[in-house]
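Protein sequences appear in the order of chains A and B. Note that UniProt numbering gives residue 150 to position 150 of the first sequence, counting from 1, and the numbers run on in steps of one. Note that UniProt numbering gives residue 162 to position 162 of the second sequence, counting from 1, and the numbers run on in steps of one.
Please note that the accuracy of each hint is not assured.
Heads up, the list lumps identical chains together, so a pair's fine if it works in one copy or across two of them.
Computed list of lysine-lysine pairs in BS3-like fashion (alpha-carbon distance at most 27 Å, straight line) [said to hold, decoys possible]:
no., residue 1, residue 2
1, K47, K266
2, K35, K47
3, K296, K29
4, K253, K406
5, K323, K375
6, K260, K42
7, K372, K323
8, K323, K379
9, K32, K154
10, K368, K328
11, K288, K29
12, K35, K154
13, K154, K42
14, K29, K154
15, K288, K32
16, K42, K352
17, K410, K368
In short, the hints are calculated from the structure, not lab data. Keep in mind the model is a prediction, meaning the values are calculated, not measured.
Below, each chain spelled out in residue letters.
2 protein chains.
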Amino acid sequence: MEIVTESSVSHQEKLWGPVRRRCSLFNDKMIKFGKGMVKIGKDDPRKVFHSLKVGLSLTLVSLLYYARPLYDGFGAAGMWAVLTVVVISEFTVGGTLCKGLNRGFATLSAGALGLGAQHLAALFGDQGEPIVLGILVFLLASTSTFMRFFPRIKARYDYGVMIFILTFALVSVSGYRVDELLTLAQQRLTTIIIGVATCMVVSIFICPVWAGEDLHNLVASNIEKLGCYLEGFPVEYFQSPEDGENDVAGKAKPCLQGYKSVLTSKSTEETLANLARWEPRHGQFKLKHPWNQYLKTAALARHCAYQIEALNGYIHSGFKAPKEFQNKTKEICTRMSEESGMALRSLATSMKSMTDPSPAVVHVESSKSAMKELKLVLKSVSVNQADILAMIPAATVASILVETVKSVEKLTESVQELASLASFKSLKTATVSPEKQAPQLLHRGSINPVLDGVDRDHVVITVLECPAETEKPQPVNGEGVKRSEVNISCKQILSADSFFSQCRTRV
Amino acid sequence: MEIVTESSVSHQEKLWGPVRRRCSLFNDKMIKFGKGMVKIGKDDPRKVFHSLKVGLSLTLVSLLYYARPLYDGFGAAGMWAVLTVVVISEFTVGGTLCKGLNRGFATLSAGALGLGAQHLAALFGDQGEPIVLGILVFLLASTSTFMRFFPRIKARYDYGVMIFILTFALVSVSGYRVDELLTLAQQRLTTIIIGVATCMVVSIFICPVWAGEDLHNLVASNIEKLGCYLEGFPVEYFQSPEDGENDVAGKAKPCLQGYKSVLTSKSTEETLANLARWEPRHGQFKLKHPWNQYLKTAALARHCAYQIEALNGYIHSGFKAPKEFQNKTKEICTRMSEESGMALRSLATSMKSMTDPSPAVVHVESSKSAMKELKLVLKSVSVNQADILAMIPAATVASILVETVKSVEKLTESVQELASLASFKSLKTATVSPEKQAPQLLHRGSINPVLDGVDRDHVVITVLECPAETEKPQPVNGEGVKRSEVNISCKQILSADSFFSQCRTRV
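Same shape as in the complex, but just chain A (with noise of 0.2 Å):
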């Protein structure tokens, strides 16, 4: 009896084990498929706001069923409202308006063109008709299609082009057969406007989500992220064994990741432009903002990614150059990439509240004095014969920097650029007047830091203000300070040191 219980749960194992292997599988799969959604949910929860604004916008146009005297208007055309809202519902504004008036516009003109197709076709009889409209489809299908390959058009009017051929061949194939086409194409057209209509409305009043911000966002965080890296770098690389590693690389890590995003953020940007030009004016954003001067400069970061992964190689090569070397260098290196990284931290900050990005112009300044004085100690070092092999990692390091150093200030221009040409506000933190201040400058000889930001430890002093348009400073009387109207322009906001320089060779 005992034998026989064995052998059937033996057998019963052997049918079901599988089964429920598998069920216990796709169980394991769908919880992490769940888990997986919450994630993206609470990353961005627009996303989910996104979801429901569909929903709303397909039960809506549904109404074009339900209610009885809407549906006698429409009749079947309410379908086509339907299958519009479905189709150009996208995440961004930019998008949705892209998607619906490529398709508005598509609609209408190869409406039109199909109805004089049609009646081009009628002229050749009844045998000829169906052999002129198939010649006449083939030709533009052809055309069309191959004009999607063009880059400009396949960015900007792809969906266009598709709803182009589509509507032709459907007014124009359709027409053969349907007498009233007139008030059939009319009700598609209406019907298409009200899907339109109702999927911009929901997608620009509620919870919009502007492809332009986006963009704008991304540019800035990826150029933070480079700027993190900068910062960390130092502490990473040149860190002793004995520093304890757990305690200083451990909270220099996740911001040594994050650059590797932007190496490859190309594609993303110039989807979000495209996207981007299609949106109406929204809150500083105006309708013919430069978005692609945010192109460049996300060009211009990537390259500085370039750069930036090119050093991430030697991260962990560790410090190991001669001890003279090191002293002489370490300091300076530490300065170049730190000032770089406030530089670009700062750049990111000015452009995430769209204000004059000039204070990062200081850091640019000290990193470039950092990138002079590393030429004089380089020329200064002495280095044992036997140790130039060991130099050599540390001096690519350094010589990478400088690199860096270069493309950051390229950086930190196009965002200067991209900040007048799209009116970034200006900064109002200091305004001195020259004949007042200076003397007293120098007769004090030391100036106490203007501390207004939390990661600032420079001094910036705005010495007059002047409109956004007027970029290059105008040529300086040097008759002395207290005669002289030192006009010096609001981009030019410059670090204590040099001011204090300038001044007195004036005087």
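Place chain B on chain A using the hints.
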């Protein structure tokens, strides 16, 4: 009289001048556009064929409307065939199959679900039905839209989910009006299947464009571009100003730009890999071809491109190091760069012909031995204290080249793994029996190179052929060459030098 004429001429000029200028501007633009189109067609004639194929498919399904018996069968539902063809006709076979299958399955499942929803709603009476349907549509549209944000669903089933929402909404909502819903659903499904089938047949059997093949070629040509750069780099970098810039640099330049496209090719590669998964077996590409390995290889190639981008920053800095440093490193750096370049070109050639990529290993080994030599040379080099600053850029270039050699090695390993996963053809260049050959080699002391390729200037000896799976060399019996069986895996194709020394140590 003259004055009147003159004034009327200037008046006409005022009126028509701007119009004429606009017209000529428009003309110029159209000519430029036309030239652009011709260029696209010449660069990739498959795009012209694709356009004609779309025209053909569309004309074919229009038959559903023209041919009366077909029309009587399908009615206005023939419209769905036209719609399907326009929407799913993609450039690649994978794209068409992905969209077609997604459309088919989504229509089927959503149609069934829609019918179920309608039956459910009907239980709630005339008043309740639209409310229940509205809620169901809202819920399904919201959840499905949210699921589209899941990366894996977005990559493979995005279109399917959209069609699912669309069909569910259409069926459940329109069912509220149309009585003969089942007939309609069946008609619609049949026409969609006809549309999908037409597109698939045209796409697969008339000049097919395989996404998998495109991905394969893209990765191979990316590797080739990197190789091209590394081969051209020494020519450009080490040329002295007297070399005549026009002659040498002029030739190298086109090669030195190609790598830039590799930096930003990630999104194209991912799209192609996603589409390639949908494609049936074609040529040497199996149904479950290791597309993921292509992505891994492409990522390593991109990493190599980042190194090259860093290298490129120094290309015009000139080779200005101290004389002794110059003399000692120039030849070695040239060898490192050229051998790495040749390794990459050899990998690209192997990939293109889908043959065993082992010949590249010779070049990798050479570049690695150059790397070791460089280290030795750098240990012995004597540099004047004053020249350290001048030495740094050259040392940086050498250092980045070392990193490049390392990443080329990784890339080679990845391509080898790809070759074994995708069963590339094995090379049968020369099968020599070690018993007979090795002693002879030892007596002669020199080997005549076996030239079977154009750009191969190394001896390739495949000692024994063995299956691709056994990657690890088996232990070598060290009792002298004559009695021993030198078992060397076909993966290990040795350069003549190392083979030579191996034999010698054993004797």
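Checked hints:
no. : hint        : result
1   : K47 x K266  : both (22 Å within a copy, 25 Å between copies)
2   : K35 x K47   : within (15 Å within a copy, 42 Å between copies)
3   : K296 x K29  : between (42 Å within a copy, 25 Å between copies)
4   : K253 x K406 : both (25 Å within a copy, 24 Å between copies)
5   : K323 x K375 : both (18 Å within a copy, 20 Å between copies)
6   : K260 x K42  : within (23 Å within a copy, 37 Å between copies)
7   : K372 x K323 : both (21 Å within a copy, 25 Å between copies)
8   : K323 x K379 : both (16 Å within a copy, 17 Å between copies)
9   : K32 x K154  : between (37 Å within a copy, 17 Å between copies)
10  : K368 x K328 : within (17 Å within a copy, 33 Å between copies)
11  : K288 x K29  : between (47 Å within a copy, 22 Å between copies)
12  : K35 x K154  : between (36 Å within a copy, 17 Å between copies)
13  : K154 x K42  : between (33 Å within a copy, 18 Å between copies)
14  : K29 x K154  : between (38 Å within a copy, 17 Å between copies)
15  : K288 x K32  : between (44 Å within a copy, 25 Å between copies)
16  : K42 x K352  : within (22 Å within a copy, 45 Å between copies)
17  : K410 x K368 : within (12 Å within a copy, 36 Å between copies)
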